[in-house]
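K.L.:
Listed below, chain by chain, are the residues.
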Amino acid sequence: GNSVTQMEGPVTLSEEAFLTINCTYTATGYPSLFWYVQYPGEGLQLLLKATKADDKGSNKGFEATYRKETTSFHLEKGSVQVSDSAVYFCAPNQGGKLIFGQGTELSVKP
Amino acid sequence: GAGVSQSPSNKVTEKGKDVELRCDPISGHTALYWYRQSLGQGLEFLIYFQGNSAPDKSGLPSDRFSAERTGGSVSTLTIQRTQQEDSAVYLCASSLEGYGTEAFFGQGTRLTVV
Chain H
346 GNSVTQMEGP VTLSEEAFLT INCTYTATGY PSLFWYVQYP GEGLQLLLKA TKADDKGSNK
406 GFEATYRKET TSFHLEKGSV QVSDSAVYFC APNQGGKLIF GQGTELSVKP
Chain D
80 GAGVSQSPSN KVTEKGKDVE LRCDPISGHT ALYWYRQSLG QGLEFLIYFQ GNSAPDKSGL
140 PSDRFSAERT GGSVSTLTIQ RTQQEDSAVY LCASSLEGYG TEAFFGQGTR LTVV
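Protein chains in written order, with the working numbering: chain H, 346 to 455; chain D, 80 to 193.
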């Protein structure tokens, strides 16, 4: 079946450090790909998305590129802030159904 | 309302009782999803409704779980004969069309089975 593998957390970084959270997936065809974020005490919200191969999604300084050859959608940010502390979820949309990874908790220290 | 609304926000129930969780999606959204988030775990897919199509129930963990969506809008998730392992946050989401479109999540219902 379809599945998502995310880098295990928690990830702890200092402010202004570079962030990468790896995500690979198995799916049939070419699903749309999403990153969702859950800030402390808040609901899940969309961070960014890419709907076809080689597309780059970006938002709030975060980027992720749809790599069909490696079935990956790694999340990156060049300089993290304390306010980026949250849990990040990778989610391919296969046939309308969002399948979530286990989530990666990010903690950014001042 | 402007967003996805779930009720109740918290529910404590005794083992063996039935519970109903309600979801009001964003008006006009044809797709509706239910997920379960257990402590320290990711989001487990439960069920997906898309328009008038038969729902995708492949994620329901047992026949104690069922869901319906009336009139293409409000959805109710029912758990019969609750067990302690059913304790979790149940999240509902809706999207305009399903495939490729952003899903908007409610705040969830925290279910505790004692």
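If you're looking for bench data, these hints aren't it; they were derived computationally from the structure.
Hints should not be assumed to be uniformly reliable.
Here are the simulated SDA-like cross-link-like pairs (lysine to any residue), alpha carbons at most 25 Å apart as the crow flies [to be verified]:
no.	chain 1	residue 1	chain 2	residue 2
1	H	K405	H	V432
2	H	K401	D	E181
3	H	K401	H	G386
4	H	K422	D	T180
5	D	K90	H	K454
6	H	K454	D	Q120
7	D	K96	D	S141
K.L.:
Of the numbered hints stated previously, which ones are contradicted by the structure, given in increasing order?
P.N.:
Structure breaks hints 3, 5.
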